[in-house]
Each structure stands twice: as structure tokens, then as C-alpha cells.
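*Asks:* The chain contents come next:
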Amino acid sequence: MKRARTSPRSNGEVLATDTPAAMWELRLYVAGKTPKSLAAIANLQRLCDEHLRGKFTIEVVDLIVHPQLAKGDEIVAIPTLVRKLPEPIRRVIGDLSNLERVLVGLQLRPATT
Amino acid sequence: MSGKTTRSHRRNETQELRERLERAEATLQALASGEVDAVLVAEADRVFTLERPDLPYRLAVEQMLHPAVTLTEEGTIIYANRRFAEQLGVLQAELAGKPLADFVSAASRPAFEALVRDVCSSERGTIQADITLEGESGAPLPVRLGAAPLRGGALGSCVVVTDLTMQLHYEELSRTQDALRASEQQLRDADRRKDEFLATLAHELRNPLLPMRSAVELLLAKRPLAPELDWACGVLDRQVRLMGRLLDDLLDVSSIAHHRLQLRMERVALSTVLEAALETSKPLLDAAGHTLVLALPAEPIDLQADPLRLSQVFGNLLNNAAKYTEAGGRIEVVASQDDGYVTVSIKDSGIGISDEMLPRIFEIFTQGKQAIRRAQGGLGIGLSLVKGLVELHGGTIEARSDGPGQGSEFIVRLPVKA
Numbered sequence: 001m002k003r004a005r006t007s008p009r010s011n012g013e014v015l016a017t018d019t020p021a022a023m024w025e026l027r028l029y030v031a032g033k034t035p036k037s038l039a040a041i042a043n044l045q046r047l048c049d050e051h052l053r054g055k056f057t058i059e060v061v062d063l064i065v066h067p068q069l070a071k072g073d074e075i076v077a078i079p080t081l082v083r084k085l086p087e088p089i090r091r092v093i094g095d096l097s098n099l100e101r102v103l104v105g106l107q108l109r110p111a112t113t
Numbered sequence: 001m002s003g004k005t006t007r008s009h010r011r012n013e014t015q016e017l018r019e020r021l022e023r024a025e026a027t028l029q030a031l032a033s034g035e036v037d038a039v040l041v042a043e044a045d046r047v048f049t050l051e052r053p054d055l056p057y058r059l060a061v062e063q064m065l066h067p068a069v070t071l072t073e074e075g076t077i078i079y080a081n082r083r084f085a086e087q088l089g090v091l092q093a094e095l096a097g098k099p100l101a102d103f104v105s106a107a108s109r110p111a112f113e114a115l116v117r118d119v120c121s122s123e124r125g126t127i128q129a130d131i132t133l134e135g136e137s138g139a140p141l142p143v144r145l146g147a148a149p150l151r152g153g154a155l156g157s158c159v160v161v162t163d164l165t166m167q168l169h170y171e172e173l174s175r176t177q178d179a180l181r182a183s184e185q186q187l188r189d190a191d192r193r194k195d196e197f198l199a200t201l202a203h204e205l206r207n208p209l210l211p212m213r214s215a216v217e218l219l220l221a222k223r224p225l226a227p228e229l230d231w232a233c234g235v236l237d238r239q240v241r242l243m244g245r246l247l248d249d250l251l252d253v254s255s256i257a258h259h260r261l262q263l264r265m266e267r268v269a270l271s272t273v274l275e276a277a278l279e280t281s282k283p284l285l286d287a288a289g290h291t292l293v294l295a296l297p298a299e300p301i302d303l304q305a306d307p308l309r310l311s312q313v314f315g316n317l318l319n320n321a322a323k324y325t326e327a328g329g330r331i332e333v334v335a336s337q338d339d340g341y342v343t344v345s346i347k348d349s350g351i352g353i354s355d356e357m358l359p360r361i362f363e364i365f366t367q368g369k370q371a372i373r374r375a376q377g378g379l380g381i382g383l384s385l386v387k388g389l390v391e392l393h394g395g396t397i398e399a400r401s402d403g404p405g406q407g408s409e410f411i412v413r414l415p416v417k418a
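Those protein sequences? They're chains A and B, same order as listed.
Note that the first sequence ends on residue 113 in this note's numbering; no numbers are left out.
Note that the second sequence ends on residue 418 in this note's numbering; no numbers are left out.
Worth flagging that the hints you see were computed from the coordinates, not collected in a lab.
Treat the hints with caution; some may be incorrect.
[To be verified] Where chain A lies over chain B, by a calculated footprint (3+ residues, C-beta under 8 Å):
(1) 17-29
(2) 41-47
(3) 212-220
[What the hints assert, rightly or not] Some chain A residues close to chain B (C-beta under 10 Å, calculated; not the full set):
(4) Q45
(5) E74
(6) V92
Treat the numbers as computed from the prediction; the structure is a model and nothing was measured.
The beta-carbon is built from N, C-alpha and C at its ideal position, and this holds for glycine as well.
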């Protein structure tokens, strides 16, 4: 399967008509500056710029510094991305390098077989 | 009512269990694909990063410019580095668990299968196979696989991939280059043999001309002769002269090609050279009834040149003009001086030169199609000789024509040496 990058607008526009005032609240759990943590931050930034332009907030939580902040989000593996809003809560575990999987995980794209 | 509650409670429980299972699966998948490099142990409230003392080595393999994979004994990918995924155009996380054979072209499957079979029992350490990989991008990638067993094959094998694209390009280029060099040498040899042959031919043909010349002189001395004999004598005289001139040209071209032609330089007036040239061409010009216009500057131009050779240059150009212009044409010779150079233009109203011919007009044995049809004689060496002689004088020659039927102009530029 080829991974053609979707045009930045298409998904964002559809989303806007679905939930007009929707603001995305994302929280990314990282572990200091491990390679996968850094990769996850970069991948998330790019993904949001392309698919959620101007409609998102990202909170990066460093669990090396504040391990207790993971409570309530049931974090085991790091990095993990949690979509707080819109509900329901969704998790994507890993460095977010697999764009397709992240888009499906965040319900920005319907799952394919 | 209580039954309903229990059922909905069970449904919630099932739902929750399903979600936990999905989460656990997602965690395992992320761990397996290497997208995770830290875990949180809730009880200890601590994060453990998965960095171990061998991290630098793993990073080196991950970052290196060569594609590399580790395989199970059956050839299934355990790990593929970043470069390997890039080269195949596949996501790194998707490679683990797939047979490497999926990315091997059908033609090189047998070689690849032999490699996988042999590597784990290999006593020799690394073994190699040249195969073609086929990635998602579809472009076949010629590579050399270097495979080595891991812990005697018990852990499968590691395979380092060398991209052979450039090497194959280079090999082909180098083969082409060798072939070109060989054919260039053949051409050079052929050209040299041709020059040698021409020089020998001209010499050999010239030898019988001398006694013929003497015989004609003898006959001419007996004039007056009977009309038929006088006519025959004239024919012999003219034709022997012509043949001598043709052979002289051929010898001269050959001498120039071998850098054997020596000029006898002296101070000479351009007008003297042009007059000598006109004298040789006069019979041809007159026979065709051409009008000759000569325009020289008022003050005399002195040149440092070989008078014989230079008049040969202009004689040849005038002969050409006369030959390749319809009877009753107009031929202009215009000389001028500027910036230490003298320019002599010889312009005719003749058959002209086509665009295709123009760049090759000074090459030996080159004649325009129309020129050949005229069958005026000549071997196609006149202009080649002219160019050689002009260049020996440190000058240049240029041919101009607006095309067939538009006349031609030859412009000779020579340095005026003090």
C-alpha cells in the first residue's frame, strides 16, 4: 500500500463541518529526550499543522520529570498520544511515525481493512 | 428491572474489557515495531527508558547508510534499519514479520533462497549474492547481499545490502568507453593508412607524368604540325598540366597533414600574389565568360608570406568560383586592411553552398552534390588544401553562402607582419 500524504486541507475541512466549534486538545506523554520522544513531538507537530491547522492545542508531558502526571490516562509505553477532546478519549501509542495508523487512531480517517 | 441492570452492567463490563484488550494490543504492537523507547512502571512511579549499553551500536546500525536486516532461519525479517525501509519505500514498522523474499524479484528468488538456506549452516562466515530487490516504488534495485549467520545460525542471519546501481552504471560506462576508444584507434589507424596511401599514390602517378611532359614538349617544339596533330598535341599539353596540378594538390594536402610542408616566407605585395593567381585562373575565367571585378586599396599592402603558396590559395579559390558559377557570371575580389590583418573576399554569383554542406566545405574529399554533377573535375581536395595553406600563414578562412543558387563568398584573413 502506498502512503500518499493527503492534502492538508481535505481532512481538516471535513472535520470543521462535522463539529463546527471543535478545538482539539492533545496531550503527548514523553520520557525526556529519548529518540522516540523527540520523533513523536516532531511527527505530532507536522501532523497537526497538516490536518488540524489552527484548531489544536498540544500539551507535552515529560514523565521523567513528572511521572505522577500519567495517572488517569493509563500510560504504560512511552511515547503515547492522548486525545482529550473531542470526546471520546483516544490513545495512539508510539512515535507517531506511521501516519496512516495515527490518522485512523485519532479518527481523522476511517479505518480501512 | 434488576435483570435489565445486570445485562447492561455486563455489557459495560464487556465493553470495558474489549477496550483494555485493544489498548494492550496497541501497546504490544507499538513495542514490537520499535516505536516506543520508554515504559512507565506505575507502582514505582518511575520511567524506565529502554536504552542499554549497546545503544550506540544499535543506533549505528539504524543510522548507517547501508540498508541492513536481520532474518530468521526461514528468511523472515526480524529487524530492518531505516535505510532499508527507505530504499524499498516501505514503512520500517511494517517490515518486521514479513518474508524478505516478498521484496526479491522473481528472477533472483532462486539465488536469494540459496543464500538464506546456506547462510545459517555456513562455515565460511559471510556469503554473498547479487540479486534485484523490488520495493513499493516498483523500481528494481540491483544489490549485493552480504549475509552472515548470527551465533552460528541459531539466531538467524544478518544481511547488509550494497546498492549496485552506481557500480553497474559505472561498469557499463567503462565498457562503452573501452569500445569507443577501440573504434577511435581504428579510425585513427584507417585515417593514417589513407594519408599514406594518398601520398604514395600521388608519387607513383606523378612519375610517369615527367616523361609524358617531356614528350609533349618535344612535339610542341616541332610546330607547326598538321591540324589534327596540333589539336592532339594541345589536348595532351593541357591534360598533362591539369593532371600534374591535381597530383601536386594531393601531395601538398598530404604534406600539410604530416606537418612536412615548409613555407618560404618573404616580403611580398598582396597585389603581386593576386596577379599571379589571376594569371593561372585566367583561362578558366575566360572560357566561361565570367566578369572579374578586382578592388584593391589605394596604398599597397605588404605581407610576410610564401608567394607561391599564397597565390596557390587565391588561384584555387578563383578556379572554384569559375567552375561553380554558370557561364557569364560575376566574380568579385575585394581586399581591405584593418587592425594588422588583410582581408581578401572572393565572391561569386554561382551555385552556392547548402546549409548542410557549409560546415564541412573545407573537409577533404567533400563536394556539394551539385558540384559533383557538374563533373568539372577535382578530387574535393582544393578547399582542404587552401585552408591548410592559409592556416600555415597564421590566417583564417571562412565560407559564406545564402544557400543553393545564391552564390558563395570565401573570406581569407591574413596577418600583416611588420
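*Asks:* Give me the numbers of the hints this structure contradicts, sorted from smallest to largest.
*Replies:* 3, 4
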